[in-house]
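Assemble the complex: chain A is given as a structure, and chain B must be docked to it using the hints.
These protein sequences, in sequence, are chains A and B. Residue numbering for the first sequence is 1 to 244, as defined by the numbering used here. Residue numbering for the second sequence is 1001 to 1576, as defined by the numbering used here.
The hints are simulated quantities; they were obtained by calculation from the structure and are not laboratory data. Bear in mind that the values here come from a model prediction, so they are computed numbers and not experimental data. Heads up, some of the hints might be wrong.
Said to hold, decoys possible - Label pairs and their in silico Cβ distance ranges:
#, chain 1, residue 1, chain 2, residue 2, range
1, B, PHE1134, A, ASP78, 35 to 41 Å
2, A, HIS166, B, MET1512, 57 to 63 Å
3, B, LEU1505, A, PRO142, 43 to 49 Å
4, A, LEU98, B, VAL1136, 54 to 60 Å
Said to hold, decoys possible - Calculated Cβ distances over 10 Å to all of chain B for the following chain A residues:
#, residue
5, CYS57
6, SER62
7, VAL69
8, LEU73
9, GLY95
10, LEU106
11, GLU112
12, ARG116
13, PHE141
14, VAL156
15, PRO176
16, LEU200
17, VAL231
We treat Cβ as the ideally placed atom computed from N, Cα and C, and that holds for glycine.
So the chains spell out like this:
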Amino acid sequence: MATYTPTTPIDHIGHGQEPPIPPAGGGDEGHGSNGPDYGARLRRARLGLICGIATVCMVFISLTSAYVVRQGLPTFDDTSNSYVHDWGEVKMPWGLLLINTAVLLLSSITMEFARRSAARQAALAPVQSIPGVSLGNERSFPWLGITVVLGIGFLVGQWLAWGEMHARGFFINTNPSSSFAFLLTITHAIHLGGGMLALLWAATASLRRQTLEARRIAVDITAWYWHFMLVLWVYIFALLGFAR
Amino acid sequence: MATPATIHSHAPQGFIRKYIFSLDHKVIGIQYFFLALTAVFVGMFLSLLMRIHMIWPNAALPLVGEIKPETYLTLLTMHGTIMVFFVLTTAPQGGFGNYFLPIQIGAPDMAFPVLNMLSFWTTFVGFVVIIAAFFVTGGAPLHGWTGYPPLSAVQASGPGEGLGADLWITSIAIFCLASLMGALNFITTTLDLRAKGMTLMRMPLTVWSWFITAILGLLAFGVLLSAGILLLLDRNIGTSFYVPLIVMNGQVMQHKGGSPLLWQHLFWFFGHPEVYIAILPGMGVASQILSTFSRKPIFGYKAMVYAMLSIGFFGFMVWGHHMFMSGMSPYSAFAFSILTMCIGVPSAIKTFNWLGTMWKGHIRFQSPMLYAIGFVSLFVSGGLSGPFLAQPVLDIQLHDTYFVVGHFHLIMGVAAIFGIFAATQYWFPKMFGRMMNETWARIHFFITLAGTYAIFMPMHYLGMAGQTRRYSQFTEVAYQSKLIPLQTFMTYAAIITIAAQFIFLVNLFWSMFKGPKASDNPWEATTLEWTTTTPPPHDNFGGRTPVVHHGPYEYGVPGAPKDYVMQNDPATIATH
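Chain A on its own, in the form it takes in the complex:
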């Protein structure tokens, strides 16, 4: 019977410790990076994600600058024949939005567990493939599934919040402040929807006969994107709450 002596304690894998990733870049470090190794693919995917996040940041930076500019603009009022400020306060359903924030925060935590679980599975896969080596009956908790449910919960919550705003008489074209409130929250929801699709892609990876490593990369990238969505939402929440 074959024996296995791990050089890295198995218990440590998947609890925050990452499998080693080669240093970035091809030329500078004196080695090529065209090989099919998993670490290089993960690094490449993360680099792509950073670029994607930079783009999303630019979208929201430009919307924020438009928000600030539009907020300070006087407008000509034809009835009083004078310049007035038309930036009115929007009665946002703050309680509901706080609950949504909590749901998103929770989903970010479950997503992190999913990421670590996928990393652990990917790290252990070579060990499990050794004949005669068994790591016991590990049951994987459905963190991804829970994250999907919580993500849907957040979007439903946002939908209810928009409905509540409608009920209070605020629509996207009511006044500039309501325009931005809807614009920012809907744009965020669309981006989160993209994350949901990525989550579903990762969750169904095994059904599509993707390798464990490919699944781990998909989960890892989605997780970092998901955390970014949380940070972005907190930023939007703060902007709408404190820069009214």
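Same frame as chain A, now just chain B:
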């Protein structure tokens, strides 16, 4: 998911996967190239109609009949949009960048091949959408390529401002998404897929130019996308981001309080970097070709890299110089003015280094070299009028005159186009395995160079004489009547120059099938694309991974067996 590492084991066999929905960066590069080629002829045809209309305003023209003022504005809008987005952004970056960036850094493909394919087909959809604007009720929009509100934000503001304008904005938004996908891919590929030994300071200047262009695109297109979404909302949902209180046909519109200047800020925050998105790849190509055909190392390689980086950096800080007329604070105008003139410094460094590269070189005046020299010439001619326009007091006089049209056509339009011509002549053998006809290339070069100067240099004089741009008809205006002969001259020059482009077109297609077979390295160049077969195999290097030992421009190396040392030649050859 296909990755570069799995590319050579997944070489596609079927026609659809091999040529239509290909994941191969080379095929995608060629697809971008032909999309841009189609777009440039559409854009050129529109410009021809405009030039003819200016001289013979009542003439009935084929396909369009007599051109009304609003039709003229439509031609102007669509010409600018198609040329800026689907030619000047698409060909240098999407076309040549896609094809040659991976090969020049020794990679088998782009970092994300599927995303690369999606990027091209998204661009294609964007092009179809903008062309569709010609055929909808009301026709294409007339608000200019800059799409200033309130003209662009109110559907009733003119013919073409209905569905046509919506399609225009949608097309731009689609293009933004495609460009963002492309930029992401270019940056990741450059940073992560370089071959062993390909340090950043061994990268060809073309790779640097595509890399910096991708960073600019990544940061700029997101802003344009946001701006476009706000515009769509103003037009269709009734918001007032850009539209102030407007009375139209005696009726007070529902919009209130928006700021047209907000659009201008967002648009030009994208728009000025876009100028460098168009021209930077041309700078890279010119550097590559000038060094190769002068048989000398590029003069001041590091200075060239830092100059491109600083051009990119300053490019994001000068958008306000497009808005001197908007009533901005003189202090802001002063800051934008100084920062704009700062761009002259790295631009001058580049020009000096190009001339330094050619100085005392063993110059081979073959067609790629001619176009590269043409690029430098046009870059200088167009660039020199930049510092004029960078000064608010002069800009107030010259803004919205033909001076501006002449300036940006030389620097951003034809200089970048000459970069594309140079790249086509230089890399055609590698892309298609055959040589282009040299004689016809030279004839095309000389006619086009003379023609572009004949068209665009007089525009500076027209502008200084006060002739305004965007006016469809001036032949009846008394004070402009003395300028008609110059306009007539420009129109004839345009007709001849446009006709000459068919020489290029015929040469291109004839050479693809009938040109003499090209060797692997017909120009005796040094970068990695010339170390592989012509055309390159599916995985670029036939299963081997190049190892780089030398810089990209090792020409005239003392003691070397040839007058050039290729990047992957053995390390035993001592270079810089």
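Tested hints:
no. : hint                             : result
1   : PHE1134/B / ASP78/A: 35 to 41 Å  : 38 Å, holds
2   : HIS166/A / MET1512/B: 57 to 63 Å : 60 Å, holds
3   : LEU1505/B / PRO142/A: 43 to 49 Å : 59 Å, violated
4   : LEU98/A / VAL1136/B: 54 to 60 Å  : 46 Å, violated
5   : CYS57                            : 8 Å, violated
6   : SER62                            : 4 Å, violated
7   : VAL69                            : 5 Å, violated
8   : LEU73                            : 5 Å, violated
9   : GLY95                            : 27 Å, holds
10  : LEU106                           : 29 Å, holds
11  : GLU112                           : 23 Å, holds
12  : ARG116                           : 22 Å, holds
13  : PHE141                           : 26 Å, holds
14  : VAL156                           : 23 Å, holds
15  : PRO176                           : 6 Å, violated
16  : LEU200                           : 15 Å, holds
17  : VAL231                           : 17 Å, holds
Violated hints, listed in ascending order, are 3, 4, 5, 6, 7, 8, 15; each of the other numbered hints is respected by the structure.
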